Amino acid sequence: MRLRDELEGIYAILLKDLKAYYLKPPNISWGILFPIVLALAFTLRNPRGLRDLAPGLVAMAALFGTTSMEAIVVTFEKRVGALERLYMAPLTYASILLAKVLGGAVFGGFISAVMTLLCVTLLGMRISHPLLYAGGLALSLIALSSLGALIAFSVREVFEAQTLSNYFRFPMIFLCGVFIPVGSLPLPLRVVAYMLPLTYTVELLRASTLSPSTCPLLDLAILILFSAVFLLLTHRAMRRAYG
Amino acid sequence: MHSIVVEGLTKYYGDLCAVDHVSFTVDAGEVFGYLGPNGAGKTTTIRMLTGLTRPSEGRAWVAGYDILNETLEVKRRIGVVPEASNLYDELTVWENLEFISRLYHVPRAERHRRIRELLKLFDLWDRRDSRFRRLSRGLKRRAVLAAALINDPEILFLDEPTTGLDVVSARSLRGLVGRLREMGKTIFLTTHYIEEADQLCDRVAIIVRGRIRAIDTPENLKLRAGVKAILEVELSDRPPASLLERLRGLEVEGRQLRVHTDNPQEILRLLTGEIGRSGLRLLSLRSRSPTLEDAFIKLTGLSPEVMRREKGI
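Protein chains in written order, with numbering that gives the first Met the number 0: chain H, 0 to 242; chain S, 0 to 312.
Because the hints were derived from the structure by calculation, they are not lab data. It is possible that part of the hints are untrue.
A few chain H residues facing chain S, derived, Cβ under 8 Å [claimed, not checked]:
(1) G8
(2) A11
(3) K15
(4) K18
(5) V79
(6) A81
(7) E83
(8) M87
(9) L90
Computed from a prediction, not measured in an experiment: that's the story for all the values here. Just so you know, even glycine gets a beta-carbon here, dropped at the ideal spot from N, CA and C.
Please build the complete structure, drawing on both the sequences and the hints.
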């Protein structure tokens, strides 16, 4: 009974967030335009070798898709007191957090799906292991959305969330193998790269589109670990705010 | 039977003690007012009782459940109207209530019937398809009140329900609170409007700087404060100092004089004589029984004007 109530609450918050925020026409158009512009920019700049770059582009779309709107939604709701409306309800903090993370993951999933479609049709990306691709992407979306939630629940203002997100997002783009293979980085940067979740997203997507360079199971396990750590830290931030 | 039991509830924010060891009980079906100026600790108390803020010390039971260890059970049995109307701007009134009903696990079969009933009770039926952001402030408050009742709660917490409303909307909302009382709901109401507490509440706790100064029925508070009958006089001009010296204990506000007395007839005789000798004219004269506002002033030493100013009204 309790579990069913919690699941119903998660589903209700997810639907509400999709309807009230994520599926608004400007967000849908951004979700479609952002991958198109990104894919076109790279195609025009360097039409060769883009098949290698494609998994990185999908990973980048997942990163921006999950963290951008989620940070706005959570901080906006905090600001206008609407988040408190959720705290008033007979729901655990864990359920509220999961609902918010799922919202970010669904939106990130939409943008990643558009980017995947573009990479397949425009850049000739071939998904050799569709299950690994879908599973890896889904886990990555959860991990990255959990990181977005951690940032959003730790700050007060929308601009703080965006600034803090950029501290993570931009280094990740350059360090996590999106453009430059992690293996070719100097050792200290390689160490940093392996401490960031996007590295494992890129590795997983690359493994499912090309030939696996490392054990994908390890990447999956590390992404689960990242998700768990981010969720636990966010849960703690929520409880601290309650005190 | 008590719906709410509070024992030594305390909240510190750093060095600031926002609520200082408050204790009280609220009976089932009672409208209990929590009256005090801004910053007195009213909202902090409500937040602790509704599971939104963790107390630093003390304990409380709401609907028989411990607010610390059985928070979800408490939340299932209460409805909360926060000071801010915090429903979702992008959703319609109907969608908002449907969303809240899901959060409170209202059975699917009952959901729509209950939403319909509440929308009709609060005269929102015609606005059910309007987005929340398009409603007037008064209608927003009604929608928030309807949302707080979606789970048919035993106890309703209303935090400054009429703040910021125009006179007509405030009166209408007070009428609705009266109807909820008739429905047998226990109501915990915070307000800085003294007349609102006087009209609506069975008992009132007066809280100032985190401490409860008095708890009783409005009538008993007036008696306890020992407030006397009041004569209010308006003069043609400001009274001269000589008049004020002769009639000590007068309160003066511009051309208006106020005097508290248990012998209005004698004071009236003295006052009219002195006014005549000062060459002033008496424009109006009013005698009235003490109000809760008078008791509040006496018990707290605060001016009700201070409370209004603090709220920016």
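Checked hints:
no.: 1; hint: G8; in the structure: 6 Å, holds
no.: 2; hint: A11; in the structure: 4 Å, holds
no.: 3; hint: K15; in the structure: 5 Å, holds
no.: 4; hint: K18; in the structure: 7 Å, holds
no.: 5; hint: V79; in the structure: 6 Å, holds
no.: 6; hint: A81; in the structure: 5 Å, holds
no.: 7; hint: E83; in the structure: 6 Å, holds
no.: 8; hint: M87; in the structure: 5 Å, holds
no.: 9; hint: L90; in the structure: 6 Å, holds
Comparing the model with each earlier hint shows no violations; every hint is respected.
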